[in-house]
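Engineer: Each chain, letter by letter, is given below.
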Amino acid sequence: MRALIAAAIGLAAAFALVLTVTALGSPSGRTSPEPLLTTVPAHP
Amino acid sequence: MRRKASLILLALAVFCTALSPLLRFYAFPRLAKIPAERYQTMVLEAKPATLLDYGTMRAKKVSKVTIVQTLRGNVEASERIEESAGRDVVVWDGLSYVQGPDGKMVSKLPERYIFDAHTQEPVHATGEMVDGDPVKRQGIEFKWPFLTEKRAYEYFDAQTRTSAPIHYKGTRDFRGLEVYYFEQTIPWTKVPFPKVMPVEGITPEFVAGTGTTRWYSTVRKFWVEPVTGAPVYGEEIHKEELRGGTLLGDRDKVTAFAGHVKMREDYIRSTVDLVKSQRLLVLLFTTYLPWGLPLVGAGLLSLSLYLEARGRRPGDPEQSAVAEPEPVNA
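Those protein sequence lines, which keep their order, are chains A and B. Under numbering that gives the first Met the number 0, the first residue of the first sequence carries the number 0, and numbering increases by one thereafter. Under numbering that gives the first Met the number 0, the first residue of the second sequence carries the number 0, and numbering increases by one thereafter.
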């Protein structure tokens with residue numbers, strides 16, 4: 000019985016971690032202030 | 000104590016094993032996406048090239064033609080579209096700016112490309128355009144989907160405003176990366192004049208009024224890193240002609256632009272470096288963790304069973320201390 004409970008805890012933790020990470024997602028950024036280029040960037 | 004440890008190990012083993020498919024099939028498709036705010040530039044060169052001299056209306060050889068391509072993620076536009084589309088959307092405002100050897104503009108082609116951030120499927124919304132003309136893209140443009148397959152994809156061609164298959168032509172090695180080579184041929188097709196012509200005072204309507212038409216053909220080549228779907232190198236054998244009309248006098252056609260366009264070396268290096276780092280991240284979710292975690296789980300389970308077996312052994316001092324009663328002295 001204790002083994003079953005331990006396995007259930009492990010399973011629940013895996014689901015909780017994945018669901019939390021996917022729900023958080025990645026933060027949305029902002030549009031770059033850089034322009035659409037009409038000049039050729041110099042060769043470094 | 001051993002019993003407790005074996006139960007903790009069992010929980011960890013189940014955690015690791017369950018995490019493997021959850022990461023690969025649930026988390027990865029939701030987390031792997033093109034960032035909406037991405038800004039990137041690319042420089043391509045054709046050395047030498049043929050350009051139309053608008054003064055004499057004759058083609059001339061030039062040492063170099065440069066194409067500067069910018070893609071800028073429009074976050075505000077993508078958030079607006081996401082509200083109605085109900086999915087993660089990326090809006091790229093792009094500009095292909097072609098410059099002659101004297102630094103003067105040859106042509107410029109602005110476009111807005113809207114697509115699903117996870118799958119790269121096109122999303123149709125107001126504002127999707129090429130050079131101001133509303134379009135409805137089919138297939139992909141600029142980038143392939145994550146985990147690219149060895150098959151043909153529909154690829155959008157901005158000049159013709161249509162999509163055509165881009166064919167998988169084999170697996171190659173490109174600077175230490177395994178890449179899929181794709182090729183698309185656009186046969187000679189009549190295309191619209193750009194809204195902004197290279198000569199001041201000449202409008203596309205004026206040129207069209209002379210009966211002259213613009214034709215275009217290209218062979219587009221991409222070397223695509225399949226894990227990220229990012230092209231690490233590209234080439235284009237690009238040809239443009241003006242045909243017919245009073246503008247050409249007694250000639251049937253004249254070359255407006257011809258050249259073998261290739262990515263500039265510094266951009267190849269930075270693209271390869273970027274793709275290598277992003278590739279590791281994708282592989283973590285698709286290969287390393289999904290295959291590694293079950294192995295860790297199996298190890299933890301074995302350790303848990305071992306501890307459990309040790310805990311139950313009759314001769315074990317920890318077990319016997321509990322099981323055997325203390326002798327009673329009278």
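It is possible that some hints are incorrect.
List time: in silico SDA-like cross-link candidates among lysine to any residue, alpha-carbon distance up to 25 Å [claimed, not checked]:
#, chain 1, residue 1, chain 2, residue 2
1, B, 3, A, 7
2, B, 107, A, 41
3, B, 63, A, 7
4, B, 63, A, 40
5, B, 60, A, 34
6, B, 103, A, 39
7, B, 275, A, 28
8, B, 261, B, 106
9, B, 63, A, 28
10, B, 194, A, 7
A short list of chain B residues far from chain A (calculated; beta carbon distances all over 12 Å) [said to hold, decoys possible]:
#, residue
11, 20
12, 21
13, 68
14, 92
15, 240
16, 247
17, 299
18, 307
Quick caveat, the hints were computed from the structure, so don't treat them as lab data. Glycine is no exception: its CB is placed at the ideal position from the N, C-alpha and C atoms.
Engineer: Each of the hints needs a verdict: does it hold here or not?
Structural biologist: Okay, the hints, checked on the actual structure:
1. B:3 with A:7: holds, 15 Å
2. B:107 with A:41: holds, 19 Å
3. B:63 with A:7: Outside the cut-off at roughly 67 Å; violated.
4. B:63 with A:40: holds, 15 Å
5. B:60 with A:34: violated, 31 Å
6. B:103 with A:39: OK: residue 103 (chain B) and residue 39 (chain A) at ~11 Å, within 25 Å.
7. B:275 with A:28: Holds, at roughly 23 Å.
8. B:261 with B:106: holds, 18 Å
9. B:63 with A:28: Violated, because 37 Å separates the two Cα atoms, which is more than 25 Å.
10. B:194 with A:7: The hint is violated at about 64 Å.
11. 20: About 10 Å separates residue 20 (chain B) from the closest Cβ of chain A, which leaves it inside 12 Å; violated.
12. 21: Violated, since 4 Å does not exceed 12 Å.
13. 68: violated, 8 Å
14. 92: violated, 7 Å
15. 240: holds, 25 Å
16. 247: Fine: 29 Å to the nearest Cβ keeps residue 247 (chain B) off the interface.
17. 299: violated, 9 Å
18. 307: violated, 8 Å
The earlier numbered hints that this structure contradicts are 3, 5, 9, 10, 11, 12, 13, 14, 17 and 18.
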